[in-house]
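Undergrad: Line order of the protein sequences matches chains B and P.
For the first sequence, position 296 matches number 296 in our numbering, and the numbering has no gaps at all.
For the second sequence, position 151 matches number 151 in our numbering, and the numbering has no gaps at all.
I should point out that these hints are in silico values taken from the structure, not numbers from a laboratory.
Each hint should be verified, as a subset may be incorrect.
Here are the computed distance ranges between Cβ atoms for each label pair [claimed, not checked]: (1) B:Leu432 x P:Leu16: 31 to 37 Å; (2) P:Val115 x B:Arg342: 55 to 61 Å; (3) B:Asn115 x P:Gln32: 54 to 60 Å.
Built from N, CA and C at the ideal position, the CB exists for glycine as well.
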Amino acid sequence: MIGELGHFALALAFAFSALLAFIPLIGVARGHGGQMALARPLTYGMFIFTLISFIALVWGFLANDFSIAYVANNSNTALPAIYRFTAVWGSHEGSFLLWMLVQASWAAALALFSNRLPLVFAARVLAVMGMIGVGFYLFMLLTSNPFERTIPLIPVDGRDLNPLLQDPGMIIHPPLLYMGYVGFSVAFAFAIAALLGGRLDSAWARWSRPWTIAAWVFLTLGIMVGSWWAYYELGWGGWWFWDPVENASFMPWLAGTALMHSLAVTEKRGTFKSWTVLLAIAAFSLSLLGTFLVRSGVLVSVHAFAADPTRGMFLLGFLGVVIAGSLLLYAIRAAKVQSHSRYDLFSREVLLLGNNVVLVTATVVVMIGTLLPLFFQQLGLGNISIGEPFFDEMFMWLTIPFAIILGLGPLTRWRRQGFSEIRNSLGLALLLAVILGFALPWIFADVVHGLAALGLILALWVVFTTVAELRMRVASREQKLPALVKLGRSHWGMVLGHLGFAVMVIGIAMVQNYEVERTVRMGPGDTFEERGYVFSFEEMYEWQGPNFISDTATFRVTRTDGSRVGIIKSEKRFYTVTRQMQTQTGLQVNPFRDLYIALGEELEDGSWAVRIHIKPFVRWIWGGSILMAIGGIFSMTDKRYRLRRRLRAERIREHDVAEQEAKA
Amino acid sequence: MNPRRKKRFIMTSGILGGVAIATALVLYALSQNIDLFYTPTEIIEGKGSEQVHPEVGQRIRIGGLVVPGSVRREGSGLTVSFNLIDSGPAEVIVDFEGILPDLFREGQGIVAQGVLIEPNRLLASEVLARHDEEYMPPALAEALKGIEHVPPSQWSDDDYRNNKDDDNESGGGYDR
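Okay, chain B solo, but in the shape it has when bound (with noise of 0.2 Å):
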C-alpha cells in the first residue's frame, strides 16, 4: 500500500513538473501575472510530493517490505538499520529517487529565495526547472520504478546491500555528489532564464553566483568524500583512479570552475557574457553526460550500475534535447550580446580567460580519456582501454600554466595592469617558492624527486603570491588587522579557494613521489621494517559482525628505536548474504603521513599477504578541497548577496518595467 502512494506521488510530481513547465511561461508570455506566480506553488507541489515518495521508499526499507523488489534485491533484516536507510540509494532505481529529491529540493529552494528575484525571471528560472523535472520524472516513471512488487513471490528475506556501500561514506557521499551534480541545474535554468528574457546582465550574473558556488561546494565535498571513501574502502592505497565514473564528476567540476570565475567577470566587468552562458549549459550537460555513462552500462567501472539499453537511450536522448535545445537557443539570443568593455593583455580579465582556457582543455581531456575507448568499440575498431599515465601525464602539463596564472590573477586589476608595480612582489614569491620547492622534499626524504619539486614549486608560488596580495590590500592600512577582516567575505573565500587548492597539490605532489607500498607474505608474530617503521603482526581473530564474519588481524606499529607508533587493525570480513569478501583497511593517522595495511589472501601455512603503504601527505588532498569548499561558502555568503534586498527590489522593479518595455 505504502509502495503504491509513493509510485502515485511519484507521478503527481511528475505532472507538477509538467504543469510547471509550461504554465509560467504562457504567464510571461502573456503578461498575465498570476500564471507567472503559480511557479512557485507548482514547484513546492513538485517537491513535496517527490518527498512523499521518497520517505514511502525509506518505509519500504526500515519496514523491511520485500514485496518492494527494490527493498528486496538492496536490504536484507541482519542489516543494521542505519544501512537500511542508506541501502535507499544503493542501488539505481532509489538513488535516482534520491536524484529526484535533490532535483526538487534545489527547485524549491529557488522558488523560496525567489522574491528577490523580478516575477518574470523568477517564473522563467522555475519553469526551466520544470522541464528538467518532466525529463528526470518521465525516466523514473518509465524505466526506473523504485516500487515494482515482487507479488506473488515474496521473498523471506533480502539479497543484502552490497557489502562495499555498507560503510559511513555511503550515508553522505551520494546525497553530497548529487546536491553539486544537480545543483549545476539552476546555474543552467538561470542561464536558459536570461537567454530566454534576451537580457545578460551583471544582475543576471550576481543571481546566478551564489547557487553556482553552492552547487560547485557541495560537488567538490561529494568527489572529496567519494575519494577519501575509495582510499580506505576499496583498498588498493589509491585515492584517484581516473575510474570513467570518477571522470564522469570531475568534468562538471572543472566546468564548474571555470564558470565560477566567468560569472565573476561577468559581474564585476559585465563582460564575458556569452562564454559564461556557454559554461553554464556545459556544466548541466556535462552533468547529464555523467548520468548517462553511470546509468546506462556503457563503462566498466566500480560504480556503473546495472545495464539495462531502454535507460540508456532514454538519457541519451534527453542529453541531446538538452544539449541542441540550449544550444538552439544560445545561437539565436547571444548574437545580439554585446561586451563593451575593454581591458589590456595584462590584466585580470585576460588572466582569468586564461584559467578558463586551461580548465575547459582539462575538460575536453578527461572526456577524450573517458569517451575515446567507447568510440572505439562502437566504431569496431577493436577494444582500448586508456591508463592513468595519460590522464596523470595530461595533468601535470596543465597544472603548470594553471598554477601560474592562479598566482598572477589575484595579484593584477581589472582593466590594465603595469608589470612593475608588482615585479618585485612577484620575484619574491618565485624566489621562495624555488628555494623552498627544493628545500622541502630534501629536508624530508632526503632525495629529491624532479616532479615533487616541480609541484611544492608552483603550490608555494601559489602560497606566496596570496599572501602578497593580501599585504598588497592592506599596505596602505594603518591598522593591518580590522583592515584584513574588512576585506569582505568574497575575498577571503578567494584567498581560502586558492590556498586549497595548494594544499592539495602539495598532497599530491607528495604522495605520488614519496609513497612506498610493499606486498609482504607475514602470520603472527612476524616482523616487517620500512622506512623507520616496525610493523608486528600480532594475532589473527574470528569474530561475527551483524551479517558478516571478520578475520581481523593486529599490527603493533613502532618506530626502529623502539618508541610506540600504535595499534592497526585490518579486516577481512565474509559477507554471508552476498557471499562476498570484502577487504577493511587499517590505518594509522597523523597529518604528515598515513600507514596502510591490507589484507590480501590467506596462504597455505596460516600466514597472510599483507600490503603495507606508508603514504606521506596524503591527508593534504582531500584538506586542501575541504579548505576550497570553506572558501566556496565563504564567497557565497558575501554581504552583498544578502543585505541588499531593499536597494534590489527597486531595481527589481526597473528590470521589470524595462522588460514589459523591450517586450512592448
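Fit chain P to the given chain B structure using the hints.
TA: Same frame as chain B, but now just chain P:
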C-alpha cells in the same frame, strides 16, 4: 595594425598556440597509453581477419575466465600464476605478484593488464575483478558469446568456499 587589432591578434594566436600544444600533448600521451584488449584465443591464434598477434613485450589487456584448478603459488613468495581461457582451447598463463582482488575466484571472468613476456604468458601489473559477481566485462561477454557462464551464486557449495562458511549458507536465501 592598430593597437586593438594587434591585441586581438596576440590573444587569438596565444590561444591557438596553446590549443596546438595541448593537442600535440594529448596525441603523444595517447599513443603511449592506449592498451589493446585481447582474449586468450586472440593472443594464440591472432586477432581479426588478418590474424594479428600481439608482440612479445607489448602492453596489453587480457580478459578471460580463470581456469578452475590452475591457480598456483610459487614457493613461499607472493607470486601467483593462473590460466585464462575463453571459448578454448587456447589458454594464456598470467603471472602476478601481489594481492589478488577480493572477488578473484576460479571460474570467474577477470581482466588483467600487463606486458606479454612469452607468446602465451603475461606478466600482469594489475588484475581486476568486478564488485558484482554476476558481472562480466562487456568485452569479455562479447568474446564469450555462446558459452554458458554460470554465475557464482548458482555454483554448488563445495567448489565455492571450502570450509568455514558452509553452515551459514542456509541463512539468507533469496526466493527465486
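Undergrad: Against this structure, judge whether each hint is valid.
TA: To see whether the hints hold, each was checked on the structure:
1. B:Leu432 x P:Leu16: 31 to 37 Å: holds, 34 Å
2. P:Val115 x B:Arg342: 55 to 61 Å: holds, 57 Å
3. B:Asn115 x P:Gln32: 54 to 60 Å: holds, 56 Å
Comparing the model with each earlier hint shows no violations; every hint is respected.
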